[in-house]
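Student: Keeping their order, the protein sequence lines are chains L and H. Numbering-wise (our numbering), the first sequence opens with residue 566 and increments by one. Numbering-wise (our numbering), the second sequence opens with residue 763 and increments by one.
Simulated from the structure, these hints should not be mistaken for lab results. Some hints here could point you the wrong way.
To be verified - Covered by chain L, per the in silico footprint, the following chain H stretches (three or more residues, Cβ under 8 Å):
1) 765-771
2) 774-781
Unchecked claim - Stretch by stretch, here's where chain H covers chain L in the computed footprint (C-beta under 8 Å, at least three residues):
3) 569-582
4) 586-596
As the structure is a computational prediction, the values presented were derived from the model and not from experiment. Every residue gets a Cβ at the ideal spot worked out from N, C-alpha and C, and that includes glycine.
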Amino acid sequence: MAGTVIGEGLTIEGDISGDEEIVIHGNLRGRLTTTDAVTVGGTAVVGADITGASLSVAGQVTGDVTASERVDIQAGGKLVGDIKAARFTIADGASFKGNVDMEV
Amino acid sequence: MAESSVIGAGTVVSGHIRGQGSLEILGRVEGDVTVTGNVLIGPEGRVRGQVSGAELRISGHVQGDLRATLAVLLEPGARVAGDISGPRVGIAPGALARGHVQTDAEPAPVAARPAAAAARPITPPVRLAAAQAAPTPAKFEAKPPAAPLKFEAKPPAAPLKFEAKPPAAPPKLEAKAPAAPLKFEAKPPAVPARFEIKAPLPPAPPSPPKVAPPKPEMRKPEPVRVAPVAPPQAEFTPVRPLKPEPRRPPPPVVPVISKGTKAKKKKSHD
Chain L
566 MAGTVIGEGL TIEGDISGDE EIVIHGNLRG RLTTTDAVTV GGTAVVGADI
616 TGASLSVAGQ VTGDVTASER VDIQAGGKLV GDIKAARFTI ADGASFKGNV
666 DMEV
Chain H
763 MAESSVIGAG TVVSGHIRGQ GSLEILGRVE GDVTVTGNVL IGPEGRVRGQ
813 VSGAELRISG HVQGDLRATL AVLLEPGARV AGDISGPRVG IAPGALARGH
863 VQTDAEPAPV AARPAAAAAR PITPPVRLAA AQAAPTPAKF EAKPPAAPLK
913 FEAKPPAAPL KFEAKPPAAP PKLEAKAPAA PLKFEAKPPA VPARFEIKAP
963 LPPAPPSPPK VAPPKPEMRK PEPVRVAPVA PPQAEFTPVR PLKPEPRRPP
1013 PPVVPVISKG TKAKKKKSHD
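One chain only, chain L, in its complex shape (with noise of 0.2 Å):
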């Protein structure tokens, strides 16, 4: 179970900080920064810088993205920005504005 959830229908303005996992179905609108796993559901619109060990993006982001381990971008998801990290996949009919750091 993920640690924290902001559901659909729930907005934040402001800063998320911790060392679990986060779901986000509803908005976002600041900064996330966890040590643990981030996912972006389809359903969420996220306008935020956010680091984490991976990020999931199933619905929309836009904001720099630094992860530890990997970025993925679903089918059907939008990222808008920068990318640092070791692994990044962009699935097809996702859709990706920005550039990548793979830390080549």
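Once you've looked at the hints, dock chain H against the given chain L.
Tutor: Quick look at chain H alone, frame taken from chain L:
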């Protein structure tokens, strides 16, 4: 739609949370929380801000107002510092609350009714309130020392002024009483000390015991006849602290210049 949300124990949210659905706070939130559903704040939950929802069930700490459209329930271990309002308000034994409590529906937060009446329904909260009252006096105690410090900072400046004056003043004072200057130097610190005591007294009535002892000590030096003389110095110091010194030497120079100027003028006319 009414999906439930969770702020995990290891998560900190700095900002406002609003929207639909219920919310469970197990971590920390620094900001206002406004939801249409229920809000549950776990034992380890910490909220600093206003919390609004249908039913608020508090087991953690809240520093801010609680407003519910259905009920506010403070569970054992809860600690709330803020106003509580809702159709139903429950404070369980073992819960701490400090603030205005109103069990009416939700009229404007009228402060007409004394908070004391509503805040004392249960005995434990009262005791707890008393326990919490202790920290507040502590705050007052902390204030007095702060005030004296400000005044203390002034005295050092004042003595310097007085010390600086003696060298210039001795010629005048020596004729009157050579011993007097010594007394004056010692008194200046005492005079400001009186002011220190007076200042803290009005703001903090509970602290008299501590303040009282210093008064007698300070009064003893006062009886001396020199006391009336000291105040005049104090009056001069605030008005013109350091300026008088530099001004005194120049006066002799001024007349010389005036003579010179006249001479120059005459010469120039000539």
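Student: Confirm or reject each hint.
Tutor: Structure-based check of all given hints:
1. 765-771: Holds: 7 residues of the segment 765-771 of chain H have a Cβ under 8 Å from chain L.
2. 774-781: Held - the segment 774-781 of chain H has 8 residues with a Cβ nearer than 8 Å to chain L, which meets the minimum of three.
3. 569-582: holds (count 14)
4. 586-596: Answer holds; 6 residues pass the 8 Å Cβ test.
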